[in-house]
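Sequences listed follow chains V and R, in order.
Heads up: the first sequence begins at 434 in this note's numbering, then just goes up one per residue.
Heads up: the second sequence begins at 434 in this note's numbering, then just goes up one per residue.
Identical copies look the same in the list; a pair holds intra-copy or inter-copy alike.
Here are the simulated lysine-lysine pairs, DSBU-like style, with alpha carbons at most 30 Å apart:
{"no.": "1", "residue 1": "Lys651", "residue 2": "Lys521"}
{"no.": "2", "residue 1": "Lys627", "residue 2": "Lys436"}
{"no.": "3", "residue 1": "Lys491", "residue 2": "Lys627"}
Derived by calculation from the structure, the hints in this document are not laboratory data.
Number of protein chains: 2
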Amino acid sequence: MKKPIILVTNDDGISAPGIRTLIAVMKEIGTVVVVAPDSPQSAMGHAITINSTLHLNKISIENAEIMEYSCSGTPVDCVKIAVNEVLKQKPDLCVSGINHGSNSSINVIYSGTMSAAVEAGIEGIPAIGFSLCDYDWNADFETFKPHIKKITLEVLEKGLPNGVVLNVNLPKRKQEDLKGIKICRQANAMWVEKFDKRVSPFGKEYYWLSGEFVNNDKGEDTDEWALENGYISIVPVQFDLTAHHAIQQLNTWNFNR
Amino acid sequence: MKKPIILVTNDDGISAPGIRTLIAVMKEIGTVVVVAPDSPQSAMGHAITINSTLHLNKISIENAEIMEYSCSGTPVDCVKIAVNEVLKQKPDLCVSGINHGSNSSINVIYSGTMSAAVEAGIEGIPAIGFSLCDYDWNADFETFKPHIKKITLEVLEKGLPNGVVLNVNLPKRKQEDLKGIKICRQANAMWVEKFDKRVSPFGKEYYWLSGEFVNNDKGEDTDEWALENGYISIVPVQFDLTAHHAIQQLNTWNFNR
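Whenever a hint applies, use it, and build me the whole structure from the sequences.
What follows is the structure in structure tokens.
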């Protein structure tokens, strides 16, 4: 069988331990091409660069075996430029991550990692975002290599449903404490913001955004439940944002008052 | 009846003609508070500012009647800081726009305007994003004032379904050519990218992202169809991205190979 071409990207930047682990796994499966941000791009959501220029640099971090490019843009920019300028064709798969930190529940909306996967999905490329629920730069990614490989092989073999990409979150657990893999829905949770107000040396007020993650969704079919209970969570994510169930109700409204 | 508190934001920046029109309409309906980016933030998607500081400045563009703040962050930052630091309570409604340019179809994903509305929705605030399919800075926003007012009053009266915000797009048409308002689904369209490769005065290659919008979805229930045929399109948008229809299929997969 021909080796699949696998595009690897992330949002923590091309030198982050998470993407280096993902590259190592993908090298066992296919021909790897890396196009990733030259600096951290966390929480960039589905941002793209339209009001400034993009730079692309061929680099070699580990060895000459794989093509690697750093890009000055966002994760979504990386996917677009990879497909159009680096590969000049669609890869067989796009994987994004491994993110340093959770992208479960509502975090999928803010996540650059998942937006890269969603962008690939929009372009018709099977795509998976991987995130580890551990913000530590030196987190234990090693444990998850076999699981990431299994999930990736399954996606390559079966293909994904149209308009769907996978959001895979890995719980901060040791190998022996991992319970398995669960297909989940996105938990209905949110961030409750707190702004930390400070004063600059020049007397000007400024803010740092911080917040607390609050999950009031107690469903046992959610990604949050799975992760808390030692499972790897997989949420199928779509980019048709239409709330189809609401269309009928809105059609009863009177907009001609 | 008590006047509703209405938060107004956008992604083109606080001085854009689109937001000034939206403010004028909202002043007829409620007590208006504006928190909008101090500079253009188009295509920022659901980006938030976590690695740098945020600045908030009280300004007065038109008159002293309304509270106006410019913010150094993204549209989503504006909503978060408005609720937490400016209003210190949830407004009765959040409106975003009027965007200079379409946010129909897949554009909803890239749009800062719609991400601001989605952020408000996540926080439990009824929210509407308005966009005009005309990129001209001096586009005719005036025509749409009565329609924006009607839609807003209907949302305030009826309330929105849980987890749903509205994506309203206005066709570039004269009053007499407007056909009405249609509730739609998001058309299955996409951007086909083209990168414009250039060389800097110093011999370094760089790129501009451009592209062509391609709609192969011929459904007459889509926002694209409505706009092309002279209707104002309203798509109910959700932020539960779970592809619920795919869960059963994924549960048949074998992740334990």
